[in-house]
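K.L.:
The chain contents come next:
2 protein chains.
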Amino acid sequence: MLSAEIIAIGSELLTPEKTDTNSLWLTGKLNEIGIEVKLKTIVGDDSGRLEETVKDAVQRSDVVITTGGLGPTEDDITRTVTAKAIGRELVFHEDIVENLRVRFRAWGREMPEINKRQAYVIEDALILPNPNGSAVGMAVRIGEKFLIVLPEPPRENQPMFETHIFPLLKEKAGEIVFKKRILKVSGLGESAIDEAIAPIYSAYKNVSTSILFNKSEVEVHLTASGRTDTEADALNEEIAAKIVETLGIAVFSTDGEEMEEVVGKLLAKNSKTLAVAESCTGGLISQRLTDIAGSSQYFIEGVVAYANEAKTDALDVSPEIIARYGAVSAETAEAMAKGMRQRAKTDYSISITGIAGPTGGTPEKPVGTIFIGYSDAQLTKSFKIVLPGDRYLIRWRSSQAALDYLRRQILKK
Amino acid sequence: MLSAEIIAIGSELLTPEKTDTNSLWLTGKLNEIGIEVKLKTIVGDDSGRLEETVKDAVQRSDVVITTGGLGPTEDDITRTVTAKAIGRELVFHEDIVENLRVRFRAWGREMPEINKRQAYVIEDALILPNPNGSAVGMAVRIGEKFLIVLPEPPRENQPMFETHIFPLLKEKAGEIVFKKRILKVSGLGESAIDEAIAPIYSAYKNVSTSILFNKSEVEVHLTASGRTDTEADALNEEIAAKIVETLGIAVFSTDGEEMEEVVGKLLAKNSKTLAVAESCTGGLISQRLTDIAGSSQYFIEGVVAYANEAKTDALDVSPEIIARYGAVSAETAEAMAKGMRQRAKTDYSISITGIAGPTGGTPEKPVGTIFIGYSDAQLTKSFKIVLPGDRYLIRWRSSQAALDYLRRQILKK
Numbered sequence: 022m023l024s025a026e027i028i029a030i031g032s033e034l035l036t037p038e039k040t041d042t043n044s045l046w047l048t049g050k051l052n053e054i055g056i057e058v059k060l061k062t063i064v065g066d067d068s069g070r071l072e073e074t075v076k077d078a079v080q081r082s083d084v085v086i087t088t089g090g091l092g093p094t095e096d097d098i099t100r101t102v103t104a105k106a107i108g109r110e111l112v113f114h115e116d117i118v119e120n121l122r123v124r125f126r127a128w129g130r131e132m133p134e135i136n137k138r139q140a141y142v143i144e145d146a147l148i149l150p151n152p153n154g155s156a157v158g159m160a161v162r163i164g165e166k167f168l169i170v171l172p173e174p175p176r177e178n179q180p181m182f183e184t185h186i187f188p189l190l191k192e193k194a195g196e197i198v199f200k201k202r203i204l205k206v207s208g209l210g211e212s213a214i215d216e217a218i219a220p221i222y223s224a225y226k227n228v229s230t231s232i233l234f235n236k237s238e239v240e241v242h243l244t245a246s247g248r249t250d251t252e253a254d255a256l257n258e259e260i261a262a263k264i265v266e267t268l269g270i271a272v273f274s275t276d277g278e279e280m281e282e283v284v285g286k287l288l289a290k291n292s293k294t295l296a297v298a299e300s301c302t303g304g305l306i307s308q309r310l311t312d313i314a315g316s317s318q319y320f321i322e323g324v325v326a327y328a329n330e331a332k333t334d335a336l337d338v339s340p341e342i343i344a345r346y347g348a349v350s351a352e353t354a355e356a357m358a359k360g361m362r363q364r365a366k367t368d369y370s371i372s373i374t375g376i377a378g379p380t381g382g383t384p385e386k387p388v389g390t391i392f393i394g395y396s397d398a399q400l401t402k403s404f405k406i407v408l409p410g411d412r413y414l415i416r417w418r419s420s421q422a423a424l425d426y427l428r429r430q431i432l433k434k
Numbered sequence: 022m023l024s025a026e027i028i029a030i031g032s033e034l035l036t037p038e039k040t041d042t043n044s045l046w047l048t049g050k051l052n053e054i055g056i057e058v059k060l061k062t063i064v065g066d067d068s069g070r071l072e073e074t075v076k077d078a079v080q081r082s083d084v085v086i087t088t089g090g091l092g093p094t095e096d097d098i099t100r101t102v103t104a105k106a107i108g109r110e111l112v113f114h115e116d117i118v119e120n121l122r123v124r125f126r127a128w129g130r131e132m133p134e135i136n137k138r139q140a141y142v143i144e145d146a147l148i149l150p151n152p153n154g155s156a157v158g159m160a161v162r163i164g165e166k167f168l169i170v171l172p173e174p175p176r177e178n179q180p181m182f183e184t185h186i187f188p189l190l191k192e193k194a195g196e197i198v199f200k201k202r203i204l205k206v207s208g209l210g211e212s213a214i215d216e217a218i219a220p221i222y223s224a225y226k227n228v229s230t231s232i233l234f235n236k237s238e239v240e241v242h243l244t245a246s247g248r249t250d251t252e253a254d255a256l257n258e259e260i261a262a263k264i265v266e267t268l269g270i271a272v273f274s275t276d277g278e279e280m281e282e283v284v285g286k287l288l289a290k291n292s293k294t295l296a297v298a299e300s301c302t303g304g305l306i307s308q309r310l311t312d313i314a315g316s317s318q319y320f321i322e323g324v325v326a327y328a329n330e331a332k333t334d335a336l337d338v339s340p341e342i343i344a345r346y347g348a349v350s351a352e353t354a355e356a357m358a359k360g361m362r363q364r365a366k367t368d369y370s371i372s373i374t375g376i377a378g379p380t381g382g383t384p385e386k387p388v389g390t391i392f393i394g395y396s397d398a399q400l401t402k403s404f405k406i407v408l409p410g411d412r413y414l415i416r417w418r419s420s421q422a423a424l425d426y427l428r429r430q431i432l433k434k
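As they're listed, the protein sequences go chains A and B. Sequence positions in the first sequence follow my numbering and run 22 to 434. Sequence positions in the second sequence follow my numbering and run 22 to 434.
These aren't lab readings, by the way, just hints derived from the structure by calculation. Just so you know, not all the hints are guaranteed correct.
No copy labels: a pair is met if it fits in one copy or bridges any two.
Claimed, not checked - In silico DSBU-like cross-links for lysine-lysine, where the CA-CA straight-line distance does not exceed 35 Å:
no., residue 1, residue 2
1, Lys137, Lys386
2, Lys105, Lys433
3, Lys39, Lys191
4, Lys226, Lys39
5, Lys366, Lys405
6, Lys76, Lys105
7, Lys286, Lys236
8, Lys386, Lys290
9, Lys76, Lys290
10, Lys137, Lys201
Isolated chain A (complex conformation) (with noise of 0.2 Å):
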């Protein structure tokens, strides 16, 4: 398996504000190719350590990306400083500069001398156009082994590193392709999911599998390799549908959606509405849901009845109920489902209502109490679950316990 490191240039991403983020999809397609990314490194505009770590870089492994300090001014040493590590000259190109002329006066200005910098490129290298930019890119070999220099915008390097670097470095990482999916499951624990599907994914030598807990889901990564993209898809295929087999429902995406996506979907294909009453996550679910494109054709309204009096009037809670069992309750949270349904008129509706916190637990309803409600035409029921987590998490947690429980509700139908 080749070896990759990625090197991060600009004093801004060592500042408490911002860090390298480039690294993360350029791990991506190295690893769809087999290549292992084993080091990274984010340095500023410091000639010395730069030189320092380009130099380690090429002697310690296969594959060398470095992202920024293109820009035409002073502060941009990525162009000098690489060509140093390696020992190579840097060569100027007067076709570069023409053809930065042209794209400014395209662009309705003068090109500015200053920007001569940005045609000389290290001797040997292939020159990597950047149609976004003016900044070219580089590849350079060197014996058996390639530096990559690409420039720091996501939307400029992107297309750069998939036309001209991926096939590049896909060939030279041999016949092995590695293509990746992510399942996500819900309602069950990562230990009891490993024990549950561990005989599956032991069987296969040719896909590794990691079992991972993100925020409020447990997700399962399977990468396969196979000769070809067909091959591999088709493993990870044959996996993803045991898994399902064994986990049934609680497998909620199959292709690393979001649960909004998934419900979202659900509601399409059917042809259903929906309406959502919250209170302590005071509009994250309808944010959610409406985040997806198109979710006009399912979502009908939302309301956030973050008061009593919002209950009883948005949604016809009565105020005896909430007198009785209190706003956070399972008939509070089942009166607010039905009101929200029967006034939005959708097929189907959800509600919430519990403490979030940081401060309003008692003993018998701490922090993180949540009532889950939920109605259709033939039936209006709720759950209760107790969440750990700060506010931030409990939020984030109910509304994904919510739609997930849309999910399963419409699945059963």
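Knowing the structure of chain A, use the given hints to seat chain B on it.
P.N.:
Leaving out everything else, chain B in the frame of chain A:
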């Protein structure tokens, strides 16, 4: 100025899904005492590369901090490899084991034998107790330099750093302290702001200023240095006051608060209540406002009126208005705001209707066209903006614009 390097250890930090974020908080703390982070490395469970990284870092920089790799399993190589890199032995501490046994018992479990590994400490290291986990940290003096070894979870390493390392480094860094302050500005561009405030900040040689655009607002970061916290704080305060004097109401936050916090505080201070009617933002404004603990004091109700019928039924927008002007119009935005306020009986209301895309745009109303409405007892009005960006950014920027509109209306009263 002292230099620092941060090394994040763990193979999961080299996947496409996850990367180091511990370094952001650590960088903020180091910058406060004038220590500059010059390089960050992310390395997996790879002894060779980790050893080389630690060796290089200790040679290049005054302070080296590692996070991660201190668990009890064989993958956790930090103790062994850092010791080797600096040529020291590991020493077994019986008292650490005793302490762990007691803590495991308190959790109702026997300490697994494997946890004994966590009692090995680099010779002559200062041991950093960990009240929130089983891995102790270490601080090693190497001549004039420091190697600091911390566990990975922020809830463990942050208190350890605060209590034991921060005072140590503060003393070493000398008498100069650095304090940071963030001002946030709405409705003005970066260059307009810089032009207006450059005469202010350039008169102070002990303050560095940077101006950054962040999604929907411009941030002015001030970093003042002084002999004491009080002195540096006073300097920031002085400049902040002058900036507010110059930019006026456009400065919405003088201490890094989010827009929803600023608006919440204004409402709470004036004992006023709010209701929110949303269409294209789908609950985002309500969700942001209720993210703030204590928001139930002023936030009464939100309605997500996605379908036209919801606008009519829930917000009393007359069907004639929608038919005549369209759902995305000044008239509809105003009717939504007024209907919302009257229904929820609040002091204020805001509303949003628009086209978040990617589809639904027309030549007259392209994607990004947003109408924001406002209503109080005396007055109902609206304004139109056309926002750039994808669906996510258009929704975010609309929510920010609506909250800012409300803030300005309240301040004008």
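K.L.:
State for each hint whether it applies.
P.N.:
Going down the list of hints, with the structure as the test:
{"no.": "1", "hint": "Lys137 - Lys386", "result": "neither (67 Å within a copy, 40 Å between copies)"}
{"no.": "2", "hint": "Lys105 - Lys433", "result": "neither (65 Å within a copy, 59 Å between copies)"}
{"no.": "3", "hint": "Lys39 - Lys191", "result": "both (31 Å within a copy, 24 Å between copies)"}
{"no.": "4", "hint": "Lys226 - Lys39", "result": "between (40 Å within a copy, 25 Å between copies)"}
{"no.": "5", "hint": "Lys366 - Lys405", "result": "both (26 Å within a copy, 31 Å between copies)"}
{"no.": "6", "hint": "Lys76 - Lys105", "result": "both (9 Å within a copy, 23 Å between copies)"}
{"no.": "7", "hint": "Lys286 - Lys236", "result": "both (22 Å within a copy, 30 Å between copies)"}
{"no.": "8", "hint": "Lys386 - Lys290", "result": "between (38 Å within a copy, 30 Å between copies)"}
{"no.": "9", "hint": "Lys76 - Lys290", "result": "neither (55 Å within a copy, 59 Å between copies)"}
{"no.": "10", "hint": "Lys137 - Lys201", "result": "neither (42 Å within a copy, 37 Å between copies)"}
The earlier numbered hints that this structure contradicts are 1, 2, 9 and 10.
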